[in-house]
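Novice: The chain contents come next:
There are 2 protein chains.
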Amino acid sequence: MAVKKCVTAVIFLAATTAGAAWAEEPIKPITPPKEINQAKAELGKKLFFDPRLSKSGFISCNSCHNLSIGGSDNLKTSIGHNWQKGPINAPTVLNSSLSFVQFWDGRADSLKAQAGGPIANPGEMALTHALAEGILTSIPGYVTEFKQVFGDNKIDIDRVTDAIAEFEKTLVTPNSRFDKWLLGDVKAVTEQELAGYKLFKDFGCISCHYGESVGGGTFHKMGMVEEYKAKSPAEGRKAVTGKDEDRFMFKVPNLRNVELTYPYFHDGEAETLTEAVDVMGRLQLGKKLSDTENAQIVAFLKSLTGDQPAFTLPMLPPSSDKTPQPKPFEE
Amino acid sequence: MAVKKCVTAVIFLAATTAGAAWAEEPIKPITPPKEINQAKAELGKKLFFDPRLSKSGFISCNSCHNLSIGGSDNLKTSIGHNWQKGPINAPTVLNSSLSFVQFWDGRADSLKAQAGGPIANPGEMALTHALAEGILTSIPGYVTEFKQVFGDNKIDIDRVTDAIAEFEKTLVTPNSRFDKWLLGDVKAVTEQELAGYKLFKDFGCISCHYGESVGGGTFHKMGMVEEYKAKSPAEGRKAVTGKDEDRFMFKVPNLRNVELTYPYFHDGEAETLTEAVDVMGRLQLGKKLSDTENAQIVAFLKSLTGDQPAFTLPMLPPSSDKTPQPKPFEE
Numbered sequence: 001m002a003v004k005k006c007v008t009a010v011i012f013l014a015a016t017t018a019g020a021a022w023a024e025e026p027i028k029p030i031t032p033p034k035e036i037n038q039a040k041a042e043l044g045k046k047l048f049f050d051p052r053l054s055k056s057g058f059i060s061c062n063s064c065h066n067l068s069i070g071g072s073d074n075l076k077t078s079i080g081h082n083w084q085k086g087p088i089n090a091p092t093v094l095n096s097s098l099s100f101v102q103f104w105d106g107r108a109d110s111l112k113a114q115a116g117g118p119i120a121n122p123g124e125m126a127l128t129h130a131l132a133e134g135i136l137t138s139i140p141g142y143v144t145e146f147k148q149v150f151g152d153n154k155i156d157i158d159r160v161t162d163a164i165a166e167f168e169k170t171l172v173t174p175n176s177r178f179d180k181w182l183l184g185d186v187k188a189v190t191e192q193e194l195a196g197y198k199l200f201k202d203f204g205c206i207s208c209h210y211g212e213s214v215g216g217g218t219f220h221k222m223g224m225v226e227e228y229k230a231k232s233p234a235e236g237r238k239a240v241t242g243k244d245e246d247r248f249m250f251k252v253p254n255l256r257n258v259e260l261t262y263p264y265f266h267d268g269e270a271e272t273l274t275e276a277v278d279v280m281g282r283l284q285l286g287k288k289l290s291d292t293e294n295a296q297i298v299a300f301l302k303s304l305t306g307d308q309p310a311f312t313l314p315m316l317p318p319s320s321d322k323t324p325q326p327k328p329f330e331e
Numbered sequence: 001m002a003v004k005k006c007v008t009a010v011i012f013l014a015a016t017t018a019g020a021a022w023a024e025e026p027i028k029p030i031t032p033p034k035e036i037n038q039a040k041a042e043l044g045k046k047l048f049f050d051p052r053l054s055k056s057g058f059i060s061c062n063s064c065h066n067l068s069i070g071g072s073d074n075l076k077t078s079i080g081h082n083w084q085k086g087p088i089n090a091p092t093v094l095n096s097s098l099s100f101v102q103f104w105d106g107r108a109d110s111l112k113a114q115a116g117g118p119i120a121n122p123g124e125m126a127l128t129h130a131l132a133e134g135i136l137t138s139i140p141g142y143v144t145e146f147k148q149v150f151g152d153n154k155i156d157i158d159r160v161t162d163a164i165a166e167f168e169k170t171l172v173t174p175n176s177r178f179d180k181w182l183l184g185d186v187k188a189v190t191e192q193e194l195a196g197y198k199l200f201k202d203f204g205c206i207s208c209h210y211g212e213s214v215g216g217g218t219f220h221k222m223g224m225v226e227e228y229k230a231k232s233p234a235e236g237r238k239a240v241t242g243k244d245e246d247r248f249m250f251k252v253p254n255l256r257n258v259e260l261t262y263p264y265f266h267d268g269e270a271e272t273l274t275e276a277v278d279v280m281g282r283l284q285l286g287k288k289l290s291d292t293e294n295a296q297i298v299a300f301l302k303s304l305t306g307d308q309p310a311f312t313l314p315m316l317p318p319s320s321d322k323t324p325q326p327k328p329f330e331e
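Heads up: the protein sequence lines correspond to chains A and B, in order. Read in UniProt numbering, the first sequence has 223 at position 223, and its numbers run on one by one without any break. Read in UniProt numbering, the second sequence has 27 at position 27, and its numbers run on one by one without any break.
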């Protein structure tokens, strides 16, 4: 059975890719980052999991970018301080280092610039950068670790976000079945998945979702062919540029691990991959996909799930008697 | 220096314990559990980290019993569904298997009986057991794993709590410096810590805080000698028995890892160990401790921090298209 499958895949593959070298495919395999400062990334991991970076002492980066469930929160929009309803769907932190800018509207140009945002956003973690610095400076275990990483005792938001970004760079997900196929393992994907990939290219999904992260490289309008009837007030890139023509321009999400990062779109309105593929086909490409085509593309997308980050749950250094108390029930 | 310390400790030790065999100390070293069903514990670990066991899809067992920070949430009282303010301080899950009953008021007689409580409590995770079963049954990865662990596909709350309890049994913290001392390593604790232990016994703290978990074995009244002026409405054991004499009777908390499980008492009103030791001395024992005595006992208590659970962050199986959606913004 395995042998038969293998042979079929080879034949089908030849037909699909018309003899193209793997290097010529528009999607590239993920390469794990080469230059990671391990000590800094370890510190960043602790900070990523530390709820003391929120006013409440309850919300950490990992609350909405939960690494047990694909680096997102699987909610339509996120929950912030005091159970505030967030304005937008939390993008996955997985492979975010591969995106050309951060946030749906691209308002941060680096992981480091991004990391400071939610900490101080009153609707998210609701702390201030000054208080974050004060809290961390009051924790002897952090003081020691910052010194080891940065050479002296200073703890400021620049170093905090630098460490978090270094950790986030490690959160790539290589070795998906599709990447194995790209690298020459013809048995790694099924016929249905390959058929889906062919449609993904033929229909033009690939024009936005390409490269190592299968997206994350451009802004595009949500609703290019058919208007997107949004329930959410989020306007995308317009909020950054102020230009009317940037209304509904969003960073194209990366599709790595998309099987895990439901619900979909900037407003989380598509609950399933089937729905997301259907909407994308109609609104972006003017195509109504058949059930078979849709199922094939969904199957292909599920082959993009890679190795999830595997590390020991970090242990956080305890607060000292001088550590400012969390204020969970203050506005 | 190390040698000198060692010699001093031996002399001091002889004086403190009056030549007693280690086996005769009222505090016993933690022994890791022997009979763990590993597959069941692995499943329980996933469930412990799974926010889909809450109505919101945001709160997991680990939210309030956070294993990165000592198995508690380091908040005065916990945050529940819709940011409700909990009535009581979250007890640590670490070493909870060693307690004679569960919850501050002892209303559950086993870890398994405890685990179902917060899932269905409208002020905590706010789900129903029926919906928890429905959600898990809709997730193919869980169906497979429950079958592997229990022999068939059935997923019910009995099995869910059984698995969570099995995981919780693994959450013991052996190898604290104090346990090493108990086991004969005279260098494992400092003179100050040993002096604190002697006071802990001489003053009578030991009469409630003894055994493997240094507590967790009896109910006692908060405010035995001097009345406890509570701001919290929690009445302890009275809520279970209905008897007036059980007002303010609480399960004696275990003091393992107490350095990590601030703030203290059932209402979280003591922010520091220094404060907690002072209040306990006055209210339970009628003793006003000197600063030196207090510092010695605090030092001893900090020697009770053991090996924290070390495991790889669990990866949760993704929902299917049939999985009931979380309802974070419903009451």
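For the record, the hints were derived by calculation from the structure and aren't laboratory data. Quick caveat: nothing in here was measured; it's all calculated off a predicted structure. Among these hints, one or two may not hold up.
Note that the list lumps identical chains together, so a pair holds whenever it fits in one copy or between two copies.
Unchecked claim - Straight-line alpha carbon distances no greater than 35 Å define the calculated DSBU-like cross-link-like pairs of lysine-lysine that follow: (1) K243 with K154; (2) K327 with K231; (3) K85 with K288; (4) K46 with K112; (5) K34 with K46; (6) K180 with K243; (7) K243 with K169; (8) K169 with K46; (9) K187 with K231; (10) K85 with K34; (11) K231 with K322; (12) K180 with K322; (13) K180 with K85; (14) K154 with K231; (15) K229 with K201.
Novice: Indicate which option fits the pair K154, K231 if close means a Cα-Cα distance not exceeding 35 Å: within, between, both or neither.
Specialist: neither (45 Å within a copy, 39 Å between copies)
Novice: Within, between, both or neither: how does the pair K46, K112 come out at a Cα-Cα threshold of 35 Å?
Specialist: both (16 Å within a copy, 31 Å between copies)
Novice: 35 Å Cα cut-off: does K180 pair with K322 within a copy, between copies, both or neither?
Specialist: This pair counts as between: shortest inter-copy Cα distance 30 Å, intra-copy 52 Å.
Novice: Within a copy, between copies, both or neither: where do K243 and K169 come within 35 Å Cα-Cα?
Specialist: Answer is within; shortest intra-copy Cα gap is 32 Å, inter-copy 58 Å.
Novice: Can you tell me if K231 and K322 fall within 35 Å by alpha carbon in one copy, between copies, both or neither?
Specialist: Intra 46 Å, inter 23 Å, cutoff 35 Å: inter-copy only.
Novice: First find the shortest C-alpha distance between K187 and K231 inside one copy, then the shortest across copies, and answer within, between, both or neither for a cut-off of 35 Å.
Specialist: neither (43 Å within a copy, 66 Å between copies)
Novice: Indicate which option fits the pair K180, K243 if close means a Cα-Cα distance not exceeding 35 Å: within, between, both or neither.
Specialist: The answer is neither: 42 Å in one copy and 67 Å across copies each exceed 35 Å.
Novice: Between K169 and K46, at a C-alpha cutoff of 35 Å, which is it: within one copy, between copies, both, or neither?
Specialist: both (14 Å within a copy, 25 Å between copies)
Novice: When no copy is named, should K85 and K34 be tagged within, between, both, or neither for a Cα gap of at most 35 Å?
Specialist: neither (38 Å within a copy, 45 Å between copies)
Novice: Give the relationship of K85 and K288 under a CA distance limit of 35 Å: within one copy only, between copies only, both, or neither.
Specialist: within (33 Å within a copy, 49 Å between copies)
Novice: Between K180 and K85, at a C-alpha cutoff of 35 Å, which is it: within one copy, between copies, both, or neither?
Specialist: Answer is neither: 39 Å inside a copy and 49 Å across each miss the 35 Å cutoff.
Novice: Taking 35 Å as the upper bound on the Cα-Cα distance, should K243 and K154 be classified as within, between, both, or neither?
Specialist: The answer is neither: 40 Å in one copy and 56 Å across copies each exceed 35 Å.
The structure fails to meet hints 1, 6, 9, 10, 13 and 14 from the earlier list, while all remaining hints are met.
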